[in-house]
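Trainee: Residues per chain, in single letters:
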Amino acid sequence: MALPVPGQGTHPLGDRKRRVLISSTSSDSHTWNLVFLQILLEEMGHDVINIGACVPDEFLIAECRRTGPDMVVLSSVNGHGFLDGTRVISRLRREPDLAHLPVLIGGKLGTRGEGDSFGEQLMAAGFDAVFEDTKGIGAFREYLATAGRAVELEATA
Amino acid sequence: MTGGTELAVQGRFGTAVSAAARRGELVVQPRMGMPTVTEMQQGLRAVRQARATTVGTITLDSYTRVGDHSSARRALAAGSDLNGFPIVAHGADVTREMIAGVGDPGFAIQVRHGSPLPLGIVQALLDAGLDATEGGPVSYCLPYSRTPLKESVDAWARSCELLAERVPGAHLESFGGCMLGQLCPPSLLVAISLLEGIFFRQHGLSSVSLSYAQQTSFAQDMEAIAALRRLAGEFLTGTQWHVVLYTYMGVFPQTTGGALELLRSSAVLARVTGAERLIVKTPAEAHRIPTIADNVQALEEAARTAREVGDAASEVADSGLYAEARALVETVLDLGSDVGQGFLKAFSRGYLDVPYCLHADTAQRTRAYIDGEGRLQWLSAGFMPVRAVPPAGAARLSADGFLHMLSHVQRSFDTPELDSGSRTLPSRGVLSSSMG
Ligand code: B12
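Chains as they are written, first to last, in the working numbering: chain A, 242 to 398; chain B, 79 to 514.
Everything labelled a hint here was simulated from the structure, so no lab data went into it.
Any given hint could be a false lead.
[Said to hold, decoys possible] Listed next, the in silico SDA-like pairs over lysine to any residue satisfying Cα-Cα at most 25 Å (straight line): (1) A:K376 with B:L197; (2) A:K376 with B:G479; (3) B:K423 with B:G259; (4) A:K258 with B:L475; (5) B:K228 with A:I292; (6) B:K228 with A:E284; (7) A:K376 with B:G282; (8) A:K376 with B:D497; (9) B:K423 with B:G335; (10) A:K376 with B:G145; (11) A:K376 with B:P226; (12) A:K376 with B:E495; (13) A:K258 with B:A98; (14) B:K423 with B:S158; (15) A:K258 with B:F480; (16) B:K228 with B:E117; (17) A:K376 with A:P337; (18) A:K376 with B:T493; (19) A:K258 with B:G259; (20) A:K258 with B:S476; (21) A:K258 with B:G479; (22) B:K228 with A:S358; (23) A:K376 with B:R489; (24) B:K228 with A:F277; (25) A:K376 with B:G335; (26) A:K376 with B:S490; (27) A:K258 with B:Q455; (28) A:K376 with A:G354; (29) B:K423 with A:S358; (30) A:K376 with B:K423; (31) A:K258 with A:F277; (32) A:K258 with B:S490; (33) A:K376 with B:K228; (34) B:K228 with A:H287; (35) A:K258 with A:R306; (36) A:K258 with B:G328; (37) A:K376 with A:E284; (38) A:K376 with A:V289; (39) A:K376 with A:S358; (40) B:K228 with B:S476.
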């Protein structure tokens, strides 16, 4: 997992109830991952808007504006996640009103399993955190539960 | 429509499968797709030379599936990894040469994609000299897109007609026996597969195959395939058809041993149910796109198992699966003589409703679960003409509970391997993360 640099403008969920937009990428039609993430986030008390499979970049941008989420969770497992993720996050960051929206990505982001590692490149492209499938889901739960406080602690230390 | 007593004409693909069936051999086939011409050609050659009765596959990448050919071209130019062969971006001429380089004009090859709007792909494969593909108006729409079902039905009707017109005997396989890959009770899989076969015939095809994906219970799977064969015999007279089984399509075992054992069990299932063709999965399934060597290993392992089993027919117990599938089929056929229109009405009214499907053109009123004997059952049946048998005290689904249910097969095949301390692939996924 690649974690955000504290104070870089990320606003993780912390303890509050938030509105989370879950989306696939433009080329990926897998949905079990989306349903799983929805159940997980709802269980943690958040409101989820799940916009489903094969989401074109323009539609994602429009939905971000329409629904005004506190956080966007992109999920991809088809092996194009690195390519699709890099492209869509640069487009999103070019929109002034979305430049600082917290956006995470996770899943199977390449086609080579253990041989892939895209965390740093995706962070550099503009994501706030990256969760690669090979690292397990525990890191994501921890991130949601504690990262908010960790950032605050760093800031006041 | 085809009719009469004369058996319908078959092209290269249908003929290869019929010939193997007459010899009593199971045809095995990979789900293989490589981005570059060189790798795809090497892959097809390796499949042809494998110690097994094989047909070849060209699996297309996700950009081509969603019609984003410029992203496919960019990825090819940059040398990025793609999850399949971009047939449109490469173009018909390049594809034709690639196939010629395999060195056997008689070798049957199928294009597998997953596109609700397949006209461009069908054109490209026909232009490249191929005569077989896979899909269907429902099975390539709901699991693969956010495209409205109506657009998919229209596009598939035109694509079937184009296939039939350009190549007499062109072969089309329904993906209806898979749908989302897991947690769909078999009666619905059987019904959708059969109905898509009828749809193909209504739009001019004379050589089709009906699919069924291995699920959670060997006994239930045997009953499902028997039901599918019986229904095909009743509804597809005069059409050349065969049954293709898919090795498990859901969350796969992570150990090499568990994955191979699941693969072997699907080969046994194919044999005892008389399925003519088997599409295999490899030990890389849970982790990454399989290599050529992974695919060859899986093909040879499945073929060896099938030879050992022979074609021993087994007794099938009747739990009512045939009657349930038939009720679903008749419900759709009663909605009108055109199956495409029938599908649209049936999905909008919830008479057909795939559990856990997020597609907007489904009623989303059904749920399934795995019972104590490992069989898939309806937890809620929504508006479908089937009966739900919810277990006592069904609780609210938690994230862990959901992963637990999804990894039922993975766990059954991995646990013995992990207990005996044998080799596992290093990467972790659903099984380990559900504990995290
Ligand atoms: C079911 C399945 C399908 C179904 C999907 C139906 C549907 N609508 O969902 C069908 C059969 C239709 C299908 C189709 C395809 N599939 Co598929 N599929 C699978 C399979 C077998 C299981 C996936 C699953 O259900 N997992 C259960 C969910 C809950 O878990 P998950 O998706 O693995 O996600 C976990 C983590 O990654 C993580 N996670 C995911 N996203 C995120 C996001 C964040 C922020 C976080 C924190 C965590 C996280 O959380 C989950 C729980 O741990 C996997 C292989 C496997 N795992 O066994 C292949 C697999 C994912 N598919 C694959 C591919 C390539 C495809 C296709 C492109 C066909 C092809 N070329 O082979 C098409 C998709 C077409 C497209 N446009 O993209 C590949 C991807 C390869 C890679 N990345 O290296 C896999 C790995 C199989 C393989 N080895 O080839 N597939």
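Trainee: Now look at each hint and say whether the structure bears it out.
Mentor: Hint by hint, here is what the structure shows:
1. Proposed proximity of K376 of chain A and L197 of chain B is contradicted: the alpha carbons are some 40 Å apart, above 25 Å.
2. Note on K376 of chain A and G479 of chain B: the hinted pairing holds, with a Cα-Cα distance of about 20 Å set against a maximum of 25 Å.
3. Proposed proximity of K423 of chain B and G259 of chain B is supported: the alpha carbons are some 24 Å apart, at most 25 Å.
4. Restraint check: the Cα-Cα separation between K258 of chain A and L475 of chain B comes to about 20 Å, which is no more than 25 Å; the hinted pair holds.
5. Simply put, K228 of chain B and I292 of chain A have alpha-carbon atoms about 20 Å apart, close enough for the 25 Å limit, and the pair holds.
6. Distance restraint check for K228 of chain B and E284 of chain A: the Cα-Cα separation of roughly 35 Å exceeds the 25 Å cut-off, and the hinted pair is therefore not satisfied.
7. The hinted pair formed by K376 of chain A and G282 of chain B fails the criterion: a straight-line CA distance of about 50 Å is larger than 25 Å.
8. Distance check on the hinted pair: K376 of chain A and D497 of chain B sit about 22 Å apart at the alpha-carbon level, within 25 Å; holds.
9. The suggested pairing of K423 of chain B with G335 of chain B is violated, with an alpha-carbon distance near 45 Å, which exceeds 25 Å.
10. A hinted pair counts as satisfied when its Cα atoms are at most 25 Å apart, and K376 of chain A with G145 of chain B does not qualify at roughly 32 Å.
11. Between K376 of chain A and P226 of chain B the CA atoms are separated by roughly 36 Å; this puts the pair beyond 25 Å, and the hint is violated.
12. Restraint check: the Cα-Cα separation between K376 of chain A and E495 of chain B comes to about 22 Å, which is no more than 25 Å; the hinted pair holds.
13. Taking the CA atoms of K258 of chain A and A98 of chain B, the gap is about 60 Å. The hint is violated against a cut of 25 Å.
14. With a C-alpha separation of about 42 Å, the suggested pair K423 of chain B and S158 of chain B falls outside the 25 Å cut-off, and the hint is violated.
15. About 22 Å separates the Cα atoms of K258 of chain A and F480 of chain B, which keeps this hinted pair within 25 Å; it holds.
16. Between K228 of chain B and E117 of chain B the CA atoms are separated by roughly 37 Å; this puts the pair beyond 25 Å, and the hint is violated.
17. At roughly 33 Å between alpha-carbon atoms, K376 of chain A and P337 of chain A are farther apart than 25 Å, so this suggested pair is violated.
18. A hinted pair counts as satisfied when its Cα atoms are at most 25 Å apart, and K376 of chain A with T493 of chain B qualifies at roughly 21 Å.
19. Distance restraint check for K258 of chain A and G259 of chain B: the Cα-Cα separation of roughly 33 Å exceeds the 25 Å cut-off, and the hinted pair is therefore not satisfied.
20. Straight-line distance between C-alpha atoms of K258 of chain A and S476 of chain B comes to about 18 Å, which keeps the hinted pair within the 25 Å bound.
21. A hinted pair counts as satisfied when its Cα atoms are at most 25 Å apart, and K258 of chain A with G479 of chain B qualifies at roughly 23 Å.
22. Proposed proximity of K228 of chain B and S358 of chain A is contradicted: the alpha carbons are some 40 Å apart, above 25 Å.
23. Note on K376 of chain A and R489 of chain B: the hinted pairing holds, with a Cα-Cα distance of about 19 Å set against a maximum of 25 Å.
24. The straight-line distance between the Cα atoms of K228 of chain B and F277 of chain A is roughly 28 Å, outside the 25 Å bound, and the hint therefore fails.
25. A hinted pair counts as satisfied when its Cα atoms are at most 25 Å apart, and K376 of chain A with G335 of chain B qualifies at roughly 22 Å.
26. For the hint linking K376 of chain A to S490 of chain B, the alpha-carbon distance of about 23 Å falls within 25 Å, and the restraint holds.
27. This hinted pair does not check out: K258 of chain A and Q455 of chain B have alpha carbons roughly 35 Å apart, beyond 25 Å.
28. At most 25 Å may separate the alpha-carbon atoms for a hinted pair to count; K376 of chain A and G354 of chain A meet this at roughly 11 Å.
29. Only pairs whose Cα atoms come within 25 Å are accepted, and K423 of chain B paired with S358 of chain A is rejected, the gap being roughly 46 Å.
30. Annotation: proposed proximity of K376 of chain A to K423 of chain B is violated, straight-line Cα distance about 44 Å (limit 25 Å).
31. At roughly 19 Å between alpha-carbon atoms, K258 of chain A and F277 of chain A fall within 25 Å of each other, so this suggested pair holds.
32. At roughly 37 Å between alpha-carbon atoms, K258 of chain A and S490 of chain B are farther apart than 25 Å, so this suggested pair is violated.
33. This hinted pair does not check out: K376 of chain A and K228 of chain B have alpha carbons roughly 40 Å apart, beyond 25 Å.
34. Restraint check for K228 of chain B and H287 of chain A: the C-alpha separation of about 34 Å exceeds 25 Å, so the hint is violated.
35. In summary, the hint linking K258 of chain A to R306 of chain A is supported, as the alpha carbons are separated by about 20 Å, within the 25 Å threshold.
36. With a C-alpha separation of about 33 Å, the suggested pair K258 of chain A and G328 of chain B falls outside the 25 Å cut-off, and the hint is violated.
37. With a CA separation close to 22 Å, the supplied pair K376 of chain A and E284 of chain A stays within the 25 Å bound.
38. Taking the CA atoms of K376 of chain A and V289 of chain A, the gap is about 24 Å. The hint holds against a cut of 25 Å.
39. For the hint pairing K376 of chain A with S358 of chain A, the CA-to-CA distance comes to about 11 Å; that is within 25 Å, so the pair holds.
40. Pair hint K228 of chain B plus S476 of chain B does not hold up; C-alpha atoms about 34 Å apart against a cutoff of 25 Å.
Of the hints listed earlier, those the structure fails to meet are numbers 1, 6, 7, 9, 10, 11, 13, 14, 16, 17, 19, 22, 24, 27, 29, 30, 32, 33, 34, 36, 40, in rising order.
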